[in-house]
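Undergrad: This is what each chain is made of:
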Amino acid sequence: MAEANGCEYCLAAHSTIGKMVGLTNGDVVASRQGRSSDPKATAALAFARAILDRRGDVSDADLRAVREAGYGDAEIAEIVAHVALNVFTNYFNRLARTSIDF
Amino acid sequence: MTRLTPIDPAEATGKARELLSAVEAKLRFTPNMIRTMAVSPPVLDGYLCFSSALGGGALGAKLREQIALAVAEANGCEYCLAAHSTIGKMVGLTNGDVVASRQGRSSDPKATAALAFARAILDRRGDVSDADLRAVREAGYGDAEIAEIVAHVALNVFTNYFNRLARTSIDF
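In order, the protein sequence lines correspond to chains V and R.
The opening position of the first sequence corresponds to residue 3 in the numbering used here, with each subsequent residue numbered one higher.
The opening position of the second sequence corresponds to residue 2 in the numbering used here, with each subsequent residue numbered one higher.
Think of the hints as simulated: they come from the structure by calculation, not from any bench.
Note that beta-carbon positions come from the ideal geometry of N, C-alpha and C, so glycine has one too.
Hints may be right or wrong, so weigh each one.
As the list claims (entries may be wrong) - Below, a sample of chain V positions facing chain R; criterion: calculated Cβ distance under 8 Å: (1) E5; (2) N7; (3) G8; (4) R57; (5) V60; (6) A71; (7) G72; (8) A76; (9) A83; (10) V85; (11) N92; (12) Y93; (13) F94.
Input sequences plus hints: build the corresponding full structure.
TA: Below, the structure written as structure tokens:
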């Protein structure tokens, strides 16, 4: 999300936090491009990008793909919420020009 | 045709039931968006907490609804436009205010400045221009209100995206 919205603060923060929770440097780089070594995670990232790019109005194909990857309604709702949470921080930090401390 | 199935409050259990009951107690009905968010209690909880927290902020109820209308118009969310038109009128907006808000305008110049700023935040993904910032400060908004406007844009992006994805049935 931070990559798509161009938020440097969020990229720095989530790269650090990502590694703290077990992402490798490779995972971090790939995530910024919406990819992962784990195909199920890749499906979630693709869906998150679709939500962002289409302002929620994802296509039938997008929805089919994320469900086929194994995500149900609750997880789909959570992915929307994560997109929104990150839009909040991305927009906030881009406006404020927050100094990076990660 | 909805793409996420709303939870019937009568059949909800656990945390979903608790959250839905609280909304029913407060509003005397449970909107379809709330019922649909209940498919994930953390999502519904997050939305309710965010919305409630901002309700205690410096921007008044009318301006909150005006911002919601402006953002819903920009994002093309029919459910949110219906809901915030109704809620907006409940808190004192006229029909004229509702129509104007959707276009980012108001009969009150200070509110117009906030709406223009909200639209700049949305259009530029937060990276507003120096001129945008100068204009909103000149209208009398300080740092706290500026932060609140960003938060309101984000809250409405959340509901706009959610309802567009879910194709929530309009019940306003």
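Undergrad: If a hint holds in the structure, say so; if it doesn't, say that too.
TA: Here is how each hint holds up against the structure:
With 8 Å as the threshold, the beta carbon of V:E5 stays out of range of chain R, its nearest partner Cβ sitting at about 12 Å, so the hint is violated. Taking 8 Å as the C-beta cut-off, the interface hint given for V:N7 holds, the closest approach to chain R being about 5 Å. At its closest, the beta carbon of V:G8 sits 7 Å from a beta carbon of chain R; the interface hint therefore holds under the 8 Å criterion. Among the interface hints, the one on V:R57 holds; its C-beta lies about 5 Å from the nearest C-beta in chain R, closer than the 8 Å criterion.
Against a cut-off of 8 Å between C-beta atoms, the interface hint on V:V60 holds, since the closest Cβ of chain R lies about 6 Å away. Given hint, V:A71 at the interface with chain R, is violated; its Cβ is 16 Å from that chain's nearest Cβ, farther than 8 Å. Interface restraint check: V:G72 against chain R, minimum CB-CB distance 16 Å, threshold 8 Å, status violated. With a cut of 8 Å, the hint placing V:A76 at the interface with chain R holds, because the nearest CB-to-CB distance is about 4 Å.
With a least beta-carbon distance of about 5 Å to chain R, the hint placing V:A83 at the interface is held under the 8 Å criterion. Annotation: V:V85 was flagged as interfacial toward chain R, and the flag holds, the nearest CB pair being 6 Å apart, inside 8 Å. Using the Cβ-Cβ criterion of 8 Å, the hint placing V:N92 at the interface with chain R is satisfied: the shortest such distance is roughly 6 Å. A least Cβ separation of about 3 Å between V:Y93 and chain R falls short of the 8 Å threshold, and the interface hint therefore holds.
The closest approach between the C-beta of V:F94 and any C-beta of chain R is roughly 5 Å, which is under the 8 Å cut-off, so the hint is satisfied.
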